[in-house]
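Using the hints, build the complex out of the two chains.
Each protein sequence line maps, in turn, to chains A and B.
Under numbering that gives the first Met the number 0, the first sequence is numbered contiguously, ending at residue 357.
Under numbering that gives the first Met the number 0, the second sequence is numbered contiguously, ending at residue 506.
Some clues are possibly wrong.
Pairs of lysine-lysine residues, derived as DSBU-like cross-links and limited to a Cα-Cα distance of at most 30 Å, are as follows [unchecked claim]:
no.: 1; chain 1: B; residue 1: K49; chain 2: B; residue 2: K483
no.: 2; chain 1: B; residue 1: K49; chain 2: A; residue 2: K141
no.: 3; chain 1: B; residue 1: K136; chain 2: B; residue 2: K28
no.: 4; chain 1: A; residue 1: K143; chain 2: B; residue 2: K65
no.: 5; chain 1: A; residue 1: K203; chain 2: A; residue 2: K141
no.: 6; chain 1: B; residue 1: K65; chain 2: A; residue 2: K162
no.: 7; chain 1: A; residue 1: K143; chain 2: A; residue 2: K83
no.: 8; chain 1: A; residue 1: K286; chain 2: A; residue 2: K248
no.: 9; chain 1: B; residue 1: K65; chain 2: B; residue 2: K28
Simulated from the structure, these hints should not be mistaken for laboratory data.
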Amino acid sequence: MSELTIPTAQKPISNRRDSLVMLSRVANSLYWMSRYIERSENIARLLDVNLQLMLDFSDLNDQQLKEHWLPILCSAGDEETFFKLYDKANSETVTEFLTFREENPNSIISCLFTARENARQVRDQISLEMFETLNECYLFLKSKNAREVWQTGAHEFFGEIKKYSHLFQGLTGSTFTRNEGYEFINLGKFLERADKTTRILDIKYHILLPSVADVGGAVDAAQWQAILRSASALEAYRRFHVEDILPKKVAEFLIFSTTFPRSILACMRHLDEDLHRLSGKERREYKSAEERAFGKLLSDLNFLTIEEILDTGLHQFLQKVQSTLDHLDDHIYQEYMYHPPVDLESEIFLQQQQMQQQ
Amino acid sequence: MARDLLSFSRPPKTPTHKIPHRMLTDNYKTEDFFDEMFMEEGNVRPHYRKVAARLRELDPSEHRRKQTAVDLAFMRGGVTFTVYNDDQGTERIFPFDLVPRVIPDTEWQRIEKGLIQRITALNLFLHDIYHDQKILKDRVIPPHYILGAKHFRREFMGFNVPKDIYIHICGTDLIRDRQGNYLVLEDNLRCPSGASYMLENRAALKRAFPDLYRSARVHPVDSYAAELRKVLQYVSPPSLASSQPNVVLLTPGVFNSAYFEHAFLARQMGIPIVEGRDLVVRDAHVYMRTTSGLVPVDVIYRRIDDDFLDPTVFRPDSLLGLPGLVHAYRSGNVSLANSIGTGVADDKVVYYFVPQIIKYYLGEDPILPNVDTYLASENKDRLFILENLEKLVVKSANEAGGYGMLMGPWATEEEISTFRDQIRANPRNFIAQHPISLSRHPTWCGNGEGGEFEGRHVDLRPYILYGEQISVTPGGLTRVALRKGSLVVNSSQGGGSKDTWVLNGDA
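For reference, chain B alone in the conformation it holds in the complex (with noise of 0.2 Å):
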């Protein structure tokens, strides 16, 4: 299973510069890691100087103040998810680190080819698995692991979706391993979350180093919410004579914590933001209820999981969605984003395949390499794994957010014999990985003892959106695992962020 990595981005061969750091270096240790800002310590990145060059002017009460700031701003203006479990539905903000991530342009014009290859396959792939599933008759993939895969829709089986396009809006999930190269960690094709604060944190950074910012030219993000409302109006039913659609996100409610990223983007967009209870299917059309009367609905920015969208045909107890809107959606009177059925794709088995996926459709070797990748299901496999679960990462399938995993070196033996167990009962439902020593990055950490910045684990995750053309905002938004030594970057799990720049050249 072993595969040759491809090697690009490694450390460059320029000349680096030694600064005469009086706080960012003075105590900062590279360790044994891939650091995105040195390349040993003290030699800062070419691509970096800009920003390492500013951080050594500022002092570190200079440092606290803008961050004061910027937290306070994002708590006024409500930049906030809900913690859950706690009934005084207490707000927090997401942590943002003012040390922006930086990305060379050519590194990114690489790492976008590969996004766009890989969407360009799932999508075709996902064409393929609903309707003549030649991938499987072809054996290439083994057809159990789709035909039984948690999200494959079997009841879409030959159903059309408008221009073809399944995966409207796409999260990729990437990480860089010991050398710098970049790995795909996990795609998401469902609801993809955290584009709000990629644009937020732009802002915010923008307000904090004005200077910096300007002087380092940086690719702006802010299309982001015009491109996702063309892609919206792009996907709009065929058979709809208006050329002006009503489009309308949908969301699970205020209490979801992921509202206010609902709410941002529904106000950049200047759409309607819904909640089940304002949408009413008659005759297979759907409407929202409004003050004057039904008004019709042509497209729903959905972020609400393929499960919870209609009880009457997923979960029957399902209070989010709306009765009849999968007849609407099949009578093609209004259209999805993302389409149902895309969570197959992304199921950690089928993940495994991708690469494969990749050479099938597109003939092409991936540009962005997996992580080698274990199935549970295949006996030589499975040995493997159960013999050494307190080496590996082991993933449920289709869990996300960092919930359903075991990280074997950090576990206790409890947890290794319950998964040995949940393993051979459900083989399946696992993955294993050997664990990735992600990338850090200079993080402010005030406190601590070993000085005003410390290295913390980061990855990336880059937002596609898939229309009449397929665009990457450059950059995306790189989570940071806060906690020392932590890999798990999810904000459910003590995780904040960063802004990303990609720059308009190489340094």
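Just chain A, same shape as in the assembly (with noise of 0.2 Å):
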């Protein structure tokens, strides 16, 4: 040992002996175990809605199918794994990757094995059946017969991701305690469906550039009633509305809708929510720059227009709340999931040094 660290400084100390305090690697746990089922659940939907959507344009060539599969593998994955694993990117390779490659860590079985492991990590933390349901989604995915059910039916396939997703949120309303590990919980939710939204939203951005005149073809039309089905939201849409899909409207609907579950805003007033919960602090006051910033795009969607954002930009704007959420999420996990490391050689020569002393 020939230069001595001092060991880390910790965390402050509190005394409570109550049996609602919570690990932070359990958090940690919790909140990806939820973020990964809900990213499993939008992928299923993004891949099942386009692979029929491909069903009424049979006949294009390798360069439209790339045009069409490109932003989708972008929005769900890496396009650079990707193409060291495959040379095209058409229905099959793309479907394959976001599905079954465990080298694509956000695959759909990667998620689900992730989520799974970080709930057999709380296995004493979350209901029981809850692990059993993901449990089973596991085992399924594990069988032969997950690949068969894939190749003979994707959309029954995709149906069995989707009902599993469900049926484990809906577990969690009903058997989960709603204490500070149910907010962890809901933020990796709410955080990953508001990205995905952004994400599926941003697939068709170059629509809406203002200088593209022509909208409202059949293609286009066919095209962004996929967006609603892929974000769930074609009913909700059509109820809405009732009147035709024009693209400003989805645009709308998925960024401001107040009443839809899965809009970027009614995701991030969820958000909100947990995260006042979380820190004990009072409406409208936030804890940390992160926050800060997060609330300060909160009340800029309670005042700003559709119009408004399209003559900015819908690109742009899709990433600035992915980058809002993405500095969240690392603000999320400073203040409650990371400690500073113990370095084990100067953390033994501190306790040695303390035996010294009795």
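Structure below.
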């Protein structure tokens, strides 16, 4: 031990002796378990919708297929990893990459394996029903049966995945205690959901560029319908607007709806409540720079209009939402989950020193 | 070294019933073993009558269906252990056989008394060994056996553990010989595992045979976790002002093969499950790292061996433990269950002396006898062992889980000669016993050619908790060697388990 490092200062000591204390590692696992389940559901929906959409466009060439699938690939995964594994981006390759490839950390299978691993870490914290559901899903994906279901009917397969997610989230609502852990589960879910809604919308942002005049063709209508379905929003949109599917209205709906639970604003309002319950701060008071940036974006959304967003650029706006959420994720980690690491060597030295002082 | 085995629980001399079996006994052979269910072919022991009658009604396909349902439930619930040496991280269920093992009340009361006697004596022994060492001074045990024992913790001499309890949780392995006598095979006084399977097996059996279970009037086992929690709260540090100690379960982590059990028990007790990395020691107090900063920890139910607990004191390469834990423990700021240093009492050489230990501290004869044992470090015994290796079972003094063992009658020339060399080189590390032909129990072997049920060897691990009083959960874990003819019941080596019923009466 040539150069001695002083052990890192730890977080402050509290003298709580109640059963509600939550390990930081547990908070972290609950958060990611929830995020990954939400993510898998979104990918399943996105793929399901787009595979069906492709049925109406049977005679596309390689380039057109690539134009269709590449934005989807970018919204859900990593282009670079993809082209290491495949030459062409088409229905088969993109779907396989986003569903079954374990090399892709954001494939459905990777998401659910990670979610289940996190659940195993906090087995003592979640309800038996929640664990069993996730474990059943894991066993299904591990079985040969899973690939068979996928190959014979992708729609059924994605249906299964969505069902597991719905079941899990429903069980969380009906079997999980409303404690701090619940806030972390919700933070994970709504953060992921808001992020995914921005990405789904971003797939078609170029159509909304102000310079593009001719919107509203048949192809467009089908694609915008697909966007809505990708966000589970088609029926909600129809009931709300009772008119044709118009790109601007779709964007407005997915950003501003206060009643549809997957819109960016609705998700952010949930996040706002969860953040306040965790920090114990008054409404409209925020704990850190990241939380304040989030609060600012939230109040922007309360006052902005879709026209203003389109004027400055939908893509830019969506990117701003994504980066605000990213920073918020980082803040949650730093504030509640991170503890300064213990360096074993200096820790042993400190403890041995203390043993000399009896 | 011969010792009169106490002859209790001989087969009862009550009339038995011939049952016209369809499937259970048509081909069932008790052969030359003590069979738990049958006195001889076709003659059911009285306490098994209800079980036998129910099995008789069952046709093989129905039994198979029940077995599949139970297996699936275990798989879905993650009642599994991780298989080592497998990069797939394969999880397997611990095979569960649906035919329960039944113990009549009177027989159980005797076992219970014997176990309480044994743990009381061993606890007094540990206190003595870490204080005045009277038993060594009185030459009841040659001192070198203790002072040189691998798990003797010299650094805890003179240390007082809360309430003088060393062994809070104990799992004692019992077997039955050809006459049906219960013998103690080993004491597990460090981190005995398997209690969760005892509880899960019971739940599974209740689902599979609800009516049979109700009519058989079986002692329940579900209070185990609550009892364990009380024990842990009872031994909280005397200096603690709060009446609500923070109790945690310390696990090596999710990759440990017993992780399911750790999570299961923590859930049943409502206490957090922690890893070494969740804890930190400051000023000789243990804290856990929570979302609201560092929170004190008062009692640790540790499922990590002594050697790995604290890298500042024991193995410096341990990444599982917590630097400073031993210091906090010695300062009386945190309690550990089991205490550090209990391993010296389940050393297999010390096992040899347990009857003398009972006599010395309690002035009583042991209710549950040992298996006759030879010590390789005694000259006369060693000569006998070396000459009779092919007839004996040789065990390493400090191994568990069926490892480090030689089964003479089944071993190859080469294995025997390896052990011969090892015994010569390090006699202190070995003991030998005559092979005991463990009792057998009808076990579902659906695909065997000898019929649906065949006899398989079983042992019994009851769980003893030592807190304000000593309690033994009625029954315990019956482990069964599923391979035909095998005597090894460990889960790592092809073992399975059964639910164990202690009846509310003798039939």
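Quiz item: Holds or violated: A:K203 with A:K141, Cα cutoff 30 Å?
Solution: violated, 34 Å
Exercise. For the pair supplied as a hint, B:K65 and A:K162, confirm whether the alpha-carbon distance does not exceed 30 Å.
Key: With a Cα-Cα distance of about 28 Å, the restraint between B:K65 and A:K162 holds, given a limit of 30 Å.
Quiz item: CA of B:K49 to CA of A:K141, is that 30 Å or under?
Solution: violated, 41 Å
Self-check item: Straight-line alpha-carbon gap B:K136 to B:K28, limit 30 Å
Solution: The given pair, whose Cα atoms are some 53 Å apart, is violated under the 30 Å limit.
Practice problem: Please work out if A:K286 and A:K248 have their alpha carbons no farther apart than 30 Å. | Solution: violated, 35 Å
Quiz prompt | Given hint B:K483 paired with B:K49 - CA-CA distance at most 30 Å | solution = holds, 26 Å
Quiz item: Keeping to a limit of 30 Å between CA atoms, is the pair of B:K65 and B:K28 held or broken?
Solution: Satisfied, since the Cα-Cα distance of roughly 24 Å is no more than 30 Å.
Quiz item: Under the criterion that the straight-line Cα-Cα distance not exceed 30 Å, is the pair A:K143, A:K83 satisfied?
Solution: Answer holds: A:K143 to A:K83 is near 26 Å, not above 30 Å.
Quiz item: Is the hinted pair A:K143 and B:K65 satisfied, with a Cα-Cα distance of at most 30 Å?
Solution: Given pair A:K143, B:K65 holds - Cα atoms ~24 Å apart, limit 30 Å.
Checked against the numbered hints given earlier, this structure breaks hints 2, 3, 5 and 8; the rest are met.
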